[in-house]
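Number of protein chains: 4
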Amino acid sequence: MRRVVLTSILLISVASVRAQSDSAKADLTGKWFATMDFFGTRANFDFDLEQKGEALTGKFRGDPLEGTTDGHSFQFHAKDTQGGGEQVKGTIDGGTLRGEVEEADGGMPSKPYHYSFTAKLRPTKTTATPQLHEFAPTVFYRQFSPFNAPVLTVNPGDTIHTTTVDAGGIDFTGATRSMGGNPQTGPFYVRSAMPGDTLAVHITRLKLNRDWAQSDDVIVQRAMDGGLAVKMKDTGKTVIWHLDLEKNTASPAKAAEHLASYKVPLKPMLGCVATATGPATAPPGTGDSGYFGGNMDFNEIVEGATVYLPVSNAGALLYLGDGHALQGDGELNGNALETSMDVEFTVDVISGKRQPGPRVENATTIMAMGLGSLDDAFKQATSNMAAWLADTYKLTPSEVAQVLGTAAQYKVSEAADRNAGVVLKIDKATLATLQAAK
Amino acid sequence: MRRVVLTSILLISVASVRAQSDSAKADLTGKWFATMDFFGTRANFDFDLEQKGEALTGKFRGDPLEGTTDGHSFQFHAKDTQGGGEQVKGTIDGGTLRGEVEEADGGMPSKPYHYSFTAKLRPTKTTATPQLHEFAPTVFYRQFSPFNAPVLTVNPGDTIHTTTVDAGGIDFTGATRSMGGNPQTGPFYVRSAMPGDTLAVHITRLKLNRDWAQSDDVIVQRAMDGGLAVKMKDTGKTVIWHLDLEKNTASPAKAAEHLASYKVPLKPMLGCVATATGPATAPPGTGDSGYFGGNMDFNEIVEGATVYLPVSNAGALLYLGDGHALQGDGELNGNALETSMDVEFTVDVISGKRQPGPRVENATTIMAMGLGSLDDAFKQATSNMAAWLADTYKLTPSEVAQVLGTAAQYKVSEAADRNAGVVLKIDKATLATLQAAK
Amino acid sequence: MRRVVLTSILLISVASVRAQSDSAKADLTGKWFATMDFFGTRANFDFDLEQKGEALTGKFRGDPLEGTTDGHSFQFHAKDTQGGGEQVKGTIDGGTLRGEVEEADGGMPSKPYHYSFTAKLRPTKTTATPQLHEFAPTVFYRQFSPFNAPVLTVNPGDTIHTTTVDAGGIDFTGATRSMGGNPQTGPFYVRSAMPGDTLAVHITRLKLNRDWAQSDDVIVQRAMDGGLAVKMKDTGKTVIWHLDLEKNTASPAKAAEHLASYKVPLKPMLGCVATATGPATAPPGTGDSGYFGGNMDFNEIVEGATVYLPVSNAGALLYLGDGHALQGDGELNGNALETSMDVEFTVDVISGKRQPGPRVENATTIMAMGLGSLDDAFKQATSNMAAWLADTYKLTPSEVAQVLGTAAQYKVSEAADRNAGVVLKIDKATLATLQAAK
Amino acid sequence: MRRVVLTSILLISVASVRAQSDSAKADLTGKWFATMDFFGTRANFDFDLEQKGEALTGKFRGDPLEGTTDGHSFQFHAKDTQGGGEQVKGTIDGGTLRGEVEEADGGMPSKPYHYSFTAKLRPTKTTATPQLHEFAPTVFYRQFSPFNAPVLTVNPGDTIHTTTVDAGGIDFTGATRSMGGNPQTGPFYVRSAMPGDTLAVHITRLKLNRDWAQSDDVIVQRAMDGGLAVKMKDTGKTVIWHLDLEKNTASPAKAAEHLASYKVPLKPMLGCVATATGPATAPPGTGDSGYFGGNMDFNEIVEGATVYLPVSNAGALLYLGDGHALQGDGELNGNALETSMDVEFTVDVISGKRQPGPRVENATTIMAMGLGSLDDAFKQATSNMAAWLADTYKLTPSEVAQVLGTAAQYKVSEAADRNAGVVLKIDKATLATLQAAK
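Protein chains in written order, with the working numbering: chain S, 1 to 438; chain X, 1 to 438; chain G, 1 to 438; chain A, 1 to 438.
The following block holds chain S by itself, in its conformation from the complex:
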């Protein structure tokens, strides 16, 4: 069957949270963020409480609740429409609730089950003077996992300056620092970022920090029909590229006959930007991509671009890596010009903004990505952009269609990985005539 996890736990509606002092009797009113232990699996969920005197009302995992609190402990019952629901009791420990749940799935022949949780009020967005953090990585992770300890904690608005190793784990000095497979710098913990928010990663600087890159001469299976596969059957060797950082071009280090003068403009990009995936699912490897971003290999994730990714864990847990000196659309060699990178980026948290897939923005365009087979990625990119237009510009379905029909620009971003990528771009100049209409 499909992965049947408690995905509902990520479908959190975000509300404002009342400030609260730990002294005096606690007022439990607010939106709580809970971490549960479900038979050994960690998961998160939100719930809402409203306290009036000793009476509690609100909503627990979709079900309306009623209960009481005496300031030290609480108990409530939440009922679903099928005759099931949750019996919850617990204690108040400063700002932390510790609860025990007996849950019965209404309409199911199964027995009730138990789990425990701890909960804290969802934080308000941190505001502080933005800081610049210098960070020299010492460990490189190969999964976009929520279980790796954060290497640095920052505030929204802060900027981090760091480096990434190349896809093979080699740093700017030529030293191997990790097994290959897109080892990442991070994860960075961004205060106040919570599941249901969007993390904005604005790349303020992306510079090459060595003069060579590694690639190869294959064409990936996804790009070859049978005829081309036969023609390419004897390729498969490593190609080292020389990066001329002054002239801003790349050339094969030992060029074959017809490529002796071949030169391509450098366009440094990050192949991977990701938030950690939720704790209840298997952390993807750093060759994979999805709603969390990941190994998108999109050659417009360059200096000046902002990448928007959904937050699935407290702190977002941001990873970056897999720098490319340049990459043709589709990353047809499987590798691009793989190299180490000098990266600086600013993070921000957009509270409660949802998006159905990764999004990128630069000075002139907005870009919505779809991931899957090319046919499926095309649908997803369209759906992602349609939601963006509807949410941001309040367009009706008919209006969305008219804008897409006249302004859509599609490119294939990636063809080398398990997911191919298609990106739907719209020029901001065109969208500006929508904004003027408001």
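Some hints could be false.
Computed from the model, here is a short list of chain A residues facing chain S with C-beta under 10 Å [said to hold, decoys possible]:
{"no.": "1", "residue": "39"}
{"no.": "2", "residue": "111"}
{"no.": "3", "residue": "170"}
{"no.": "4", "residue": "211"}
{"no.": "5", "residue": "375"}
In short, the hints are calculated from the structure, not lab data. Think of the CB as a built atom: it goes at the ideal place given N, C-alpha and C, for glycine as much as any other residue.
With chain S's structure known, arrange chains X, G and A on it following the hints.
What follows is chains X, G and A alone, placed relative to chain S:
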């Protein structure tokens, strides 16, 4: 089963043809182009003869032949490697051969069969002072058929100035001239264009000639996942666009609320450019696309672009139509901004150049198209461009991979028709560093 | 743009038609079937008239009409909701109406346009004593075209006994009768079959009538990844199969080493069963498939099966051909075991039954086909079967899902043609428990 | 970029291993299986040594080696063709080698790097009297991970009798034992199974052990075109099915109107059978599938079937779970009839047999699976079966094509997960005519 036609008849190798006088005894040496009648189906093929005295040698439909001629008649026998082959005899009537063939498929239990043909020497490329033809269409065809009589005959190098009606058959005065479905202007017969050649159509002028276009507000099925389909379920109305020819923008004529100021830059393009398909296969409708071009709906087929299409019939039989005032990538509304057009174009014939699919070129880029599902079109576009690089720049497979890996740009051209389209573009500036190497 | 034809003309609702005498003053009340000439393109449409005294009401191409008739002529005006509509006038000539239409597209800046039509009352279903027709074909068509003259006219309930040539045009004697490409026997005109109906073709006999078949040893591109394409690169030869009609097996006539004893059971099938497509669109070649059936290459179209196809022309115009002695799923060699066939089938007309794609039924299962890429064909087959279940068993969407989730059987029917095919089968034994519930 | 890991480490050729006593001076001759620690990532590789006196030769990670040993320590140098290679030295500790490697990638501008390994001789296949193990699971894993401790160690030929919980983590008593998402029983360690081998899992018993299953009434996105998505938009509820273990049928527990008598035959199957993936890549979640098997959701993995899976870790580490009381092809509801299961199976190890994807066999057919989009899965299934025929029956490419063209049967196994599945089946009766030919 698959369409089992005599496709081999199109696989013609092109050779120079010796000039020949009709007076005196004919020398049959040369490359002959034959039109056959095969049980009521017309088809074409090439064959080669070499005459020495009265002896004939050469190749007939893949098989080596030996025979004789007395200047008035000829006969030869061609043998295949399986024990079959062709017995051919005929008469010489000026520059025309009239032949009768008895063919036996070697290794097949079937009986021998007969057919007749007439053949002429493949023409040499016409050279004449280029002319400008003014052409006012009176009939509009709805199939890219070889059986429609040419509306005009021109020489390679000539320029034709004409008009096209919109996809619904409406002309620049608002008058309906045809049933809808992309009715075409043409076919134009280009002298000396023969099967195996490539036709180049250089669009020298493409201007709007009325101030309105028709579209609608749906999104095509290929672009919608289930969630978007549900959102779009109540759309489906016609949208008339006003074309401001002075300010060079399009706007909805009766704009919905949020589109009251919406403006998109005009970018006139031709949705259809096609050569007629070969006579032995069913002529495609003008909503279809394929190796012959057709309804490609690619928004870079604009003024200044050159479209390259294979020739499948004597004279190429060029069709054009389906003008769009502008079109987003993918033609997501099924219709673009459908309008009539003022078109001028120059035709040329490139003898013996083959290509696996439609190609387009402009001042800055070369573009290879693939057609099918998006996943298949992506493969085809890559294969088409790989062949272009190998043929034109003599790149090895390894070198092709390195150029594609670093310089490929993919866009989705069309998603509204039976075939979707993917286009692989490469900047000429990058290719120039290859040429320098030569 | 997409093929924008007057497809609405096929969306006909079927109603009962009042009998009518040609003598005396005609009563125009009834459902009329019109053939129009639209700027040289033929098309069909239905319209409804109701006559009370001299007053006419009804619906003309979607628009409500009002008018009058004096028994010799008629005139009416039909208005659409956008301010356009049709002015219609004409004469009554026995049971035939001859009309002239001036039509204005409401809301469009285009000018009104004219066309003429003739109309007859939609026929009631013919009832007659079923007959057996012996038919020896002399002509073989290579398009599923409405423009080929019927070779035989029959009643619903009649049976036709005939033969088909093989995909290469070779008959049961080994004589070539047509160019290859699945030349068809037919078209057969079935009285009273009208657009909007469904034609049922029940195959009562399907026997081999020669002892050999032709195939080859390639694997079609759609079935090969790059690795397999490289392995298969040197294949491509014709394979003749011996058909042992007594032992009911096929074996390679000249078996390669490991196939010296290879035997496969014969299972004669028809690769093509089709109704002609509507007159306003380009007739597909006999290698293509679609809503009209066509070259489906489905190995369960065997003796005992019933094929259901939509009717797009008066008389349905049924074609059959492309017999296979047997075929593996997907027709992986591009050819199956291509051979001639002895065919007998009974036709029937199901008035007013619509279906979104071809359907097949045998004694034990119902089968709904989807055609396109495999991913699209899978969706279509599911949608086709979901509609079948909803229409026939009145299942709700939730019930459709439960039946499909527990009873669906999918097979790949065809992979060799432009459209691949996926078939969704359900056992009648399972469906019987639905019927019991009624 | 693509996941660039040291995948070459799994490409092990298997050879016989000389027995060796730990007493006396060790003879290092043999095939060694090494576990490396590469900058914190664990990986495996094989290498070959041949000892003559004190001299060592052989092959280390593809490179020919030369060195020496004194019985307590060893050192050798392996050279690649690009000027790089490995300097290796280490100690002999009983049957274990402990080595340190300095490796230089020839032709790369990067610096040499170091890692350490321990190695043991690859085991010979264990032979022992087959045993039956009763195993009651207490922990359920949600990743096909090599890092979960084996729950039981068995020999090839042994049989294990155990139970599985349902996809939601509920056992045969109705008690919840795990978070949902196909929690697995296992992993089972099979002695002597080593990377490069194939594990055969023969299911000797698969019985239902409770009388209810859980499913729902949605249709998965992959199966719906836009039209069907709109029809299904209001579905989405849980459906409980009653399993009648006596009459061997399933029915909805609270049937909707038209399903009041609906009954489907039970056909218990395992949705998941998997070997752990290699240690160097991210372990997939138990909703995913791939070369390792996993959540294949194929309704022919039933009692009597044998599943073949590649071994990627010492001991194979076999997981099983996700029982379905029955499942339509494609698992269209996302869930099948999810239930707990009583399972008994026998394991075996086939040394050195490779396969490009999962394979299944039963009494009458062999089945090769492909996984991806349906279009890609179709190619993969064909490639998998072509390799099977070539390996087992020594067929040439031409012969493979002829067998596939005449005997292929394709079904869609799964459509609900990230990977869809297509299975290519061939009847053993047909293959028997090949074997007779040998």
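What hint numbers does the structure not satisfy?
Of the numbered hints, all hold.
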